[in-house]
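Mind docking these for me? Both chains are given alone in their own frames, and the hints should help you get the complex.
Chains S and H, in that order, give the protein sequences. If you read the first sequence in my numbering, its first letter stands for residue 1, the second for the next number, and so on. If you read the second sequence in my numbering, its first letter stands for residue 1001, the second for the next number, and so on.
Simulated from the structure, these hints should not be mistaken for laboratory data. Some hints could be false.
As the list claims (entries may be wrong) - Some, not all, of what chain H presents toward chain S, calculated at C-beta under 8 Å:
id, residue
1, Glu1034
2, Leu1073
3, Leu1105
4, Ala1170
It should be emphasised that the depicted structure is a prediction, and the values quoted were computed from it without experimental measurement. Using N, Cα and C, we set each Cβ at its ideal position, and we do this for glycine too.
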Amino acid sequence: MTTTEYEPNDSKALARLTDLYRESAEPSTPAEIERGFHSMRARVDSVRARETGRVRWPMLVAATAMCALVALLVSSVVRRRLPAAELPTLAYQIDGGRVLDGGYLRESGHVGMNINFNEGSRVALTTGTRGRIREVDKHGARVAIEHGTATFEVTPGSGRRWLVEVGPFLVTVKGTVFTVSWDPLREQFDLRLQRGRVDVSGPASAGEIALRAGQRLTVNLVQAKTVITEDEPALANSDAGEGSVLKSANPTEVTPADADHETAGPNSQHPPAVATGAIAVGQRRWSDELARGQWDRILEDVKRTGVDATLSTASSDELLAVADAARYRRQPELARAALLTVRRRFPNSPRALDAIFLLGRLEESRAHGSAQAIARYDEYLTRAPNGPFTGEALGRKMTLTVALEGPARAQTVAEEYLRRFPKGSYAGSARALIRVQ
Amino acid sequence: MVGEQWALEETWRRFAPMVILLAKRTLGSHSEAEDIAQEVFCRLYRKAKNLEEPDSLRGFIYAIAVRSLKTELHRRKLRAWLFFAQPQALAGWGWRTMDMESRDLVRKFHVLLERLPTRERLVFVLRRMESMTVEEVAAAMGLSESTVKRSIAGASKRLSRWIEADPGLADVFDTARWGR
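Pulled out of the complex, with its shape left as it was, chain H reads as follows (with noise of 0.2 Å):
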């Protein structure tokens, strides 16, 4: 029990920061980002018996954290379907060291990275910003190499429209603060 203790500690202080900031950016939420990662490490604690090769418990937590994830946009878009109830925006995010048109715009793109449907989502999230390869992708999200591709090329498609279509955001890269 002790030794059990020791690793459940050990792992949490390991991997809870990336999987709280894996969740973070694709929930746009850092308490609800601290609850999937709460489910995440209880998840583990049960499953922890079916890992049969230690080195691969950073995917087997990337894998279930993606799980819990894919639960929870589901569940959001069920609830914001049946009780017009919207998540908090970007709650707990962080702003200290953030400038005010930078602030305007990661809200943008978060309403953005909202309209994606989940998969495309989560792919884009693993992919550009937890920088993954497609390979870990794909095997974190139970997905073909091609599937990811697929969603990958959708994902940017989609965001790329409507970034065009949105002058406050397509422009201010243009600007000479932003030129580099």
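One chain only, chain S, in its complex shape (with noise of 0.2 Å):
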């Protein structure tokens, strides 16, 4: 990590701080860079055109001074016109298929099929999936998925409006990279947002559902299941930031099985948290709220509505919000209820694994708590080998290891640590601890 220049009276929690959030933003990579770059070009073609528009302005001006008494009209003509020059008619091309009458997309091979837009939208279909371009002009595109998955990539800041309809739903797209699937036999619909917003309404919500980054809906109108979940961040960069969603036509499928991340366990006391038909995460946003800091606010909402209750209706997102909160604020006890209940009520999903990780931690900070701490550490590495807190989990079980039974035990994980996570945050002392031995 490299160091700047401070001044004289900064703390050095601040020197600290501004160094850690420095280098914590990574760069794009160069398939974003790319990427960008096309979108960028689009946007400046956009401008020529518009300069282009404006270069006939003296030219009208002139023939209506020329022609006094129907100034007025001339003028409401331009206006008219005016908007036109604004946005370029939207055309596309298509590759690996063809356009049918009523804009039924047919497949012409085995490879799936992507649609490019002029000012760089993109639109990849896989393999079987079936849908209809049921309309492009200058103002934008609306585009029907019938059955299958296809990704979209919309050139955010065109001006252009985009509707994507995905059996029974209409996603609203606000420039974005995004996966959609629609199963009509099992009647569901999966969204998984990987960069921008989009806005979705259907027959499982009474408004818009407004989805961020990182979120993934999926609603089963069977089972008249609403759920949406939170992409590992780790999952969510790669995905934005590879590059490579659309230039396969073959973007990530989405498995049913996959789609069942939020279901209770079978043995579970307690109702599904997510509410049928609703979205429980959007009534409270609590994860919204832990993003801009308002601690207070969901440990003053738990307050009113009991931890009992909270505990017992919420969420495996509100849980870990809830949980993230209490630590924040110093209530471990709140935050071990919270973890707790997320691994019981949640057994199967990824949420779990993360809460056992965080008990690990809780355990930690607590006297005498190292024992324990690195059982949650062995059973978050057995249930999560390659999960997004793996290298944490070993390297805390390294630390803890040392301090409870000695360097001679703790060089095992030392060397696995080394092997696996060879630049990891805890490689230096792993190396240490061998050099020792």
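Here you go:
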């Protein structure tokens, strides 16, 4: 980590936090830069088109001066024409298929289809996906997915309206990258948002559901179940960062098993946390409040609702938000209760794994809690050998083992850590440990 | 036209990573940072003819980026005030190499940066995170050097005070893990 020159009156904590914040913002990948260039060029072309439109102005003004009596009429005509110059008509080209009557998309081979729009937006349909281009004009596009999976990369800021019909659902797009699928037999809708924002409306919600980057919405009409989950950070990043989503016409398939992340376990004493036909997460917005640092507001909500009532009705995302808020506000008992509840009520979800790791962190902060913490980390490592916290769990286990049983016993853990995470944040300690031995 | 395309492409490849990173550190959102970068280069395309010294391109781009970021931060505040709308905090930040504790600290620090007045926030990011000199910050922001110095001191004072008030931030670097 590089350090900057600091003002003499800076506190140590401010200096360190600034360094940490600066270093934590990862630079764009070459794929992101490449993708950005294409979008930017599309915007510049649009600017150029507007400027070409402006060149006609003096001529039109001259004409109106010569015809004073029809000046108002001419200017109204010009006003009508100007918007058309601002947005060139949207056009597209299809690879791997063609458009039949009624906009029906017909695949020509077995590798899916790519639809490339002239303003930079792209749509990739997986093999066997059926859809239609309903409407394409200067104001935007309307595409329908009748069956299968498609990935959309919509150029932001072009001022166009993009609508995607997915079975009975309507997705309003606001400059974004997302994968959407519809299974008419199971009546299941699935949307995974990698970047930007979308609004989804359909038979499962009273109004629109607003999704933000990293969220996934699954609606099963047969079971009347609506679930919003957060993608793992690494997954969300890799999806957004690789830039390969649309290079292939086969975006990541959403399997039915994936959609059941949040289902309560078979032995659960409580009903599933996610209300049928409603979005529990959206109602409380604790994840948003957490991101904004409004931890006290979350804890006040819990107090008002009652701890037991909250633990028995909140979704896994909400429970993790409560646990984080409680950790930040030094209320370890509430944090522990929330994490244990996630583990008990959602035993098969990725959130349960996060909870196990976080329980380890909590145990560590307790006096004489090291042995329990190691047990939690072991459980996490067994259940999530490639999880988002695997490196951290191994590193923490190594540190605790040194303190509890001595460096000799920690050597195996150190070796495993170095083998798997040679550049990880505990690599220095692991190497030092091995050298000493 | 071909030369213009080439120049645009070359300028993007050279400077876009810098602009995106600056915007990301200022706004705390990867997708918004990409939008800002596109806006900056569109403006650059329109204003490139005003650039008299090609050597000053970097500073010219920084100045456009800072103006765009300032506008965006003002817009955000207005949106928050009018519609109670909050931006996505640290969306697409890239947590791949960060441990749990560091993520928590970054989130908390971002919340404090959000509380800073727009000018102080931008000056703080440019000086402390982009490692620009006071003179460079002053040029990019169109301020006098003494105003930049006052803004940095003001931002540091506020941030230090807020950090002190949060035991989870003030004490964390005293622990063995962070003590270096």
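Here's how the hints hold up against the structure:
no. : hint    : in the structure
1   : Glu1034 : 6 Å, holds
2   : Leu1073 : 16 Å, violated
3   : Leu1105 : 6 Å, holds
4   : Ala1170 : 5 Å, holds
Violated hints amount to a single one, hint 2; each of the other numbered hints is respected by the structure.
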